[in-house]
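Undergrad: Read in order, the letters of the sequence shown correspond to residues 264 to 444 in the working numbering.
What the hints contain is simulated information worked out from the structure, not anything from laboratory work.
There's no promise every hint is true.
[Claimed, not checked] Capping the alpha-carbon separation at 27 Å, the derived lysine-lysine pairs in DSS-like fashion look like this:
| hint | residue 1 | residue 2 |
| --- | --- | --- |
| 1 | Lys-347 | Lys-276 |
| 2 | Lys-369 | Lys-305 |
| 3 | Lys-362 | Lys-391 |
| 4 | Lys-305 | Lys-269 |
| 5 | Lys-276 | Lys-369 |
| 6 | Lys-369 | Lys-391 |
| 7 | Lys-395 | Lys-269 |
| 8 | Lys-305 | Lys-413 |
| 9 | Lys-269 | Lys-362 |
| 10 | Lys-369 | Lys-395 |
| 11 | Lys-413 | Lys-269 |
| 12 | Lys-362 | Lys-395 |
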Amino acid sequence: MQVRGKAGAIRPKPVGAFAGSAVYSYVWPTTLDSASVGFDTKQGILALAVTFHPDFDDAAYGGVNRHVWHPHWVVLVPDDACGKGSLKVKDIAEGTTPKVPPTWPKVPLLIDSPTYPTALETDTVEVKVPAKVIGATEGVRFDGVTSALKVNANLHAPLLCISNVFDVASGNLSLPGTIGR
264 MQVRGKAGAI RPKPVGAFAG SAVYSYVWPT TLDSASVGFD TKQGILALAV
314 TFHPDFDDAA YGGVNRHVWH PHWVVLVPDD ACGKGSLKVK DIAEGTTPKV
364 PPTWPKVPLL IDSPTYPTAL ETDTVEVKVP AKVIGATEGV RFDGVTSALK
414 VNANLHAPLL CISNVFDVAS GNLSLPGTIG R
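Can you build the whole structure from these sequences, using the hints too?
TA: The following block contains the structure:
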């Protein structure tokens with residue numbers, strides 16, 4: 264993803280707690296099915312995201328990642344509790360056990376924390392997703408979005424909402440991008 268300015272230079276300020284904290288992200292919403300990366304099928308919009316959040320860690324296997332930009336797969340769904348027509352990262356309801364990838368960070372969200380090579384250099388954000396992870400890409404489409412998310416102050420009503428969209432590459436979220444090999 265090419266951005267205006269220096270990629271990764273703008274980061275959220277720490278608030279000192281998980282509740283109410285901010286997440287900045289570069290996001291590629293896709294037409295891939297959520298099952299392609301290890302979730303149950305048809306769970307929502309599967310998006311690849313590169314995020315920075317100084318108040319908490321969400322790396323796989325209990326790792327530390329609050330100090331670096333890092334990749335995630337997230338499942339986005341609409342939820343007016345985040346604002347009319349807004350999206351959130353899909354919550355995992357208490358008492359349910361949906362299918363999750365092996366690198367799920369054990370948070371109550373449909374989020375994955377893979378360790379793909381990720382680089383933010385000059386005006387470019389790049390994530391190298393192994394082809395074997397997502398399988399066939401014919402017909403897969405995507406867009407590019409820069410956004411902020413907010414952890415709900417009460418921690419689950421919903422937990423993680425998209426709170427601000429800074430820019431959409433296509434201008435209208437029409438998913439015009441295609442995957443080349």
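Undergrad: Are the Cα atoms of Lys-276 and Lys-369 separated by 27 Å or less?
TA: 24 Å, holds
Undergrad: For the pair we were handed, Lys-269 and Lys-362, check the Cα-Cα distance against 27 Å.
TA: Answer violated: Lys-269 to Lys-362 is near 37 Å, above 27 Å.
Undergrad: Just to be careful, I want the Cα atoms of Lys-362 and Lys-395 compared with a cutoff of 27 Å; is the pair within it?
TA: 19 Å, holds
Undergrad: Tell me if the straight-line CA distance from Lys-347 to Lys-276 falls inside 27 Å.
TA: Holds, at roughly 26 Å.
Undergrad: Does Lys-391 sit within 27 Å of Lys-369, going by the straight-line distance between their CA atoms?
TA: Distance of about 24 Å is within 27 Å: holds.
Undergrad: For the pair we were handed, Lys-305 and Lys-413, check the Cα-Cα distance against 27 Å.
TA: It holds: about 24 Å lies between the C-alpha atoms, which stays within 27 Å.
Undergrad: Taking 27 Å as the top limit, are the C-alpha atoms of Lys-369 and Lys-395 close enough?
TA: 24 Å, holds
Undergrad: Does the alpha-carbon distance linking Lys-369 and Lys-305 stay inside the 27 Å limit?
TA: Cα-Cα ~21 Å, so holds.
Undergrad: Are the Cα atoms of Lys-413 and Lys-269 separated by 27 Å or less?
TA: Holds - the C-alpha atoms of Lys-269 and Lys-413 are around 23 Å apart, at most 27 Å.
Undergrad: Do the alpha carbons of Lys-395 and Lys-269 lie within 27 Å of each other, as the hint requires?
TA: 31 Å, violated
Undergrad: Decide if the proposed pair is consistent with the structure: Lys-362 and Lys-391, CA atoms, cutoff 27 Å inclusive.
TA: Distance of about 24 Å is within 27 Å: holds.
Undergrad: Between the alpha carbons of Lys-305 and Lys-269, is the straight-line distance 27 Å or under?
TA: Roughly 35 Å separates the two Cα atoms, so the pair is violated.
Violated hints for the displayed structure, listed by number in ascending order: 4, 7, 9.
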